[in-house]
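Trainee: For the protein sequence lines, the chains are V and W, in the order given.
All residue numbers for the first sequence refer to numbering that gives the first Met the number 0, where the first residue is 0 and numbers rise by one.
All residue numbers for the second sequence refer to numbering that gives the first Met the number 0, where the first residue is 0 and numbers rise by one.
FYI, nobody ran anything at the bench for these hints, they're computed from the structure.
Don't take each hint at face value.
[To be verified] Beta-carbon label-pair distances, calculated as ranges:
#1 V:W7 / W:G46: 53 to 63 Å
#2 V:L95 / W:K64: 43 to 53 Å
#3 V:H180 / W:G195: 44 to 54 Å
#4 V:L259 / W:H187: 26 to 36 Å
#5 V:L259 / W:Y203: 53 to 63 Å
#6 W:A48 / V:L259: 17 to 27 Å
Heads up, the beta-carbon is just placed ideally off N, CA and C, and yes, glycines get one too.
Residues per chain, in single letters:
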Amino acid sequence: MKSRIAAWWLLSALVAIAIAVLALPGRSYSNQDREQPLAGASAQHPAGTDGLGRDRMVRVAAAFLLSLGGAILASAATTAAAAGVGTLSAFSPATLGRFAMLVCDVFLALPWLFLLMMVRSALPLTTSPAHSASVTFLVLAALGWPACARAVYRGSLELRDAEWMLQARAGGLRGTQIVRHVLPNLMPLLLPQFLICIPAFIIAEANLGALGLGIGEPLPSWGGMLHELDNSAMLLRTPWVYLPIGLLILVLLLLEAIALEV
Amino acid sequence: MRSAAGWLKRFARTLVVVVMVVSGSTVLMRFAPGYLSDAREMDSRYGDAARVELSAEAARSASLKQLLWTEFGGWTRGNLGVSRQYEVPVAELIVPRLAVTGGLLLRAIVLAWTLSICAALVSSAGRTPSLIWQLPSTLLLAVPTAAMATICMLSDRGGPVLVMTFLVAARDFKFLDRMLRKAWRDPHLLQARAQGLTIFRLVYAHILPSIASQLLALATFSIVTALSALVPVEVIFSVPGLGQLAWSAAMNRDLPVLLAVTTIMAVAVTFAGMPGDGAREWQGV
Numbered sequence: 000m001k002s003r004i005a006a007w008w009l010l011s012a013l014v015a016i017a018i019a020v021l022a023l024p025g026r027s028y029s030n031q032d033r034e035q036p037l038a039g040a041s042a043q044h045p046a047g048t049d050g051l052g053r054d055r056m057v058r059v060a061a062a063f064l065l066s067l068g069g070a071i072l073a074s075a076a077t078t079a080a081a082a083g084v085g086t087l088s089a090f091s092p093a094t095l096g097r098f099a100m101l102v103c104d105v106f107l108a109l110p111w112l113f114l115l116m117m118v119r120s121a122l123p124l125t126t127s128p129a130h131s132a133s134v135t136f137l138v139l140a141a142l143g144w145p146a147c148a149r150a151v152y153r154g155s156l157e158l159r160d161a162e163w164m165l166q167a168r169a170g171g172l173r174g175t176q177i178v179r180h181v182l183p184n185l186m187p188l189l190l191p192q193f194l195i196c197i198p199a200f201i202i203a204e205a206n207l208g209a210l211g212l213g214i215g216e217p218l219p220s221w222g223g224m225l226h227e228l229d230n231s232a233m234l235l236r237t238p239w240v241y242l243p244i245g246l247l248i249l250v251l252l253l254l255e256a257i258a259l260e261v
Numbered sequence: 000m001r002s003a004a005g006w007l008k009r010f011a012r013t014l015v016v017v018v019m020v021v022s023g024s025t026v027l028m029r030f031a032p033g034y035l036s037d038a039r040e041m042d043s044r045y046g047d048a049a050r051v052e053l054s055a056e057a058a059r060s061a062s063l064k065q066l067l068w069t070e071f072g073g074w075t076r077g078n079l080g081v082s083r084q085y086e087v088p089v090a091e092l093i094v095p096r097l098a099v100t101g102g103l104l105l106r107a108i109v110l111a112w113t114l115s116i117c118a119a120l121v122s123s124a125g126r127t128p129s130l131i132w133q134l135p136s137t138l139l140l141a142v143p144t145a146a147m148a149t150i151c152m153l154s155d156r157g158g159p160v161l162v163m164t165f166l167v168a169a170r171d172f173k174f175l176d177r178m179l180r181k182a183w184r185d186p187h188l189l190q191a192r193a194q195g196l197t198i199f200r201l202v203y204a205h206i207l208p209s210i211a212s213q214l215l216a217l218a219t220f221s222i223v224t225a226l227s228a229l230v231p232v233e234v235i236f237s238v239p240g241l242g243q244l245a246w247s248a249a250m251n252r253d254l255p256v257l258l259a260v261t262t263i264m265a266v267a268v269t270f271a272g273m274p275g276d277g278a279r280e281w282q283g284v
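All chains should be built: construct the whole structure from the sequences, respecting the hints.
Mentor: Printed below as a string of structure tokens:
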């Protein structure tokens, strides 16, 4: 419990620092200092600049907030979809429930990275960076729900057959009232799922970005910044190149610590 | 007889899933907003030719029913379409790469299982989960595959097999450790240990049979994990496999190739899951 609280505090502190870095006047993730490409740490650029002279600290802060925010929203969407599909399937006629689980099987059979690549590459050539970011997280949300929906379906089936539920249904509770009673009972299942999906989505976005299929430039992303690791000359020049990957690993470990103890 | 009927039922379900996967992917691809666009349109030298090709493609795929019929018909005859990028049949691109990817996956999964089972057996024998075992797997799971592969390549240590092995082993270890920890605490096993059965006998005769169905399910999960790591690993290490082909197709908007590779992967995952489903039903889980 203590490590979970510590992880919460540390993550909140990182978010606050990232917001503060972005809120500083004259700082933008797309501003280019053409006099100083690939510069080391200085008073003006505390973590140096990238190949285009953009401040690395600002870009890391923006990528952190964008990735975390996108992953949280996608995770919320996927958990809500799983809760809806799982609960409705369990309380619907058996045939409908089985069909819903068959659809889940179809989604589970699709390797998400390949499907994500297919969707990303099928976007129009004129897709804006913001659009590419929202599509990336939207597709992640669309692909993440089936595994959770199966677990919710199982949990809802148990609830449906519970004695208190039989009593409630025999007492004439309407569908919406039943759902109101079922959802709080599913929270122990839904909350870990929500928390587990966040780091999974962050890693997925980073992998996709590293392949050049994630969030488009000039929007910063973890994956885009991992590209810098390919440049061995840059690695020798400044150790700040490792800042994005270091921070990414720290964030993922913190998220895992939070998810583990729920 | 009952078992044969069960397998037949599972096979039929798997086929339905495969048909739904192919139909769904085809429809998704056809109605994607960028399906009828090509990077060559922006080049005045190739723009006209590209537009002619695209309008022919639009006419061919105007009817969804016709498109699905052509797609399924082609698949049954081994015709997976023609690559937009290389202008050769997709099957010609895929077949030589199957062996490369298959070999990579097989070596990585076998090594990962050996590593994770050994580690989980030792780790689960302790009273509480030890940080010595948990920390490396947690750390490995927190590093994106692309970053792990890049670091391995830069440090000139390890190759594609090692990266995939680490990733699959780290994930499998988490499950195996939990599974074995629970199995060690079963009352009948405590009794058997008290009676002085050797560790080998305990594992072989008691633990492995009791977790067999979960192991099969985990095996399917390992394949899915390995497939998700396939693209970054093959791209970064320049392995000429299906992952690299899919990435190149995605970068060049070669959707017929991407559709074929995605479908092959989906079929592999679906069929790989069949034994696990069978074992769960047999054990009544």
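Trainee: Are the hints correct? Go through all of them and say.
Mentor: Each hint tested on the structure:
no.: 1; hint: V:W7 / W:G46: 53 to 63 Å; in the structure: holds (55 Å)
no.: 2; hint: V:L95 / W:K64: 43 to 53 Å; in the structure: violated (26 Å)
no.: 3; hint: V:H180 / W:G195: 44 to 54 Å; in the structure: holds (52 Å)
no.: 4; hint: V:L259 / W:H187: 26 to 36 Å; in the structure: holds (30 Å)
no.: 5; hint: V:L259 / W:Y203: 53 to 63 Å; in the structure: violated (32 Å)
no.: 6; hint: W:A48 / V:L259: 17 to 27 Å; in the structure: violated (56 Å)
Violated hints, in rising order: 2, 5, 6; the structure is consistent with all others.
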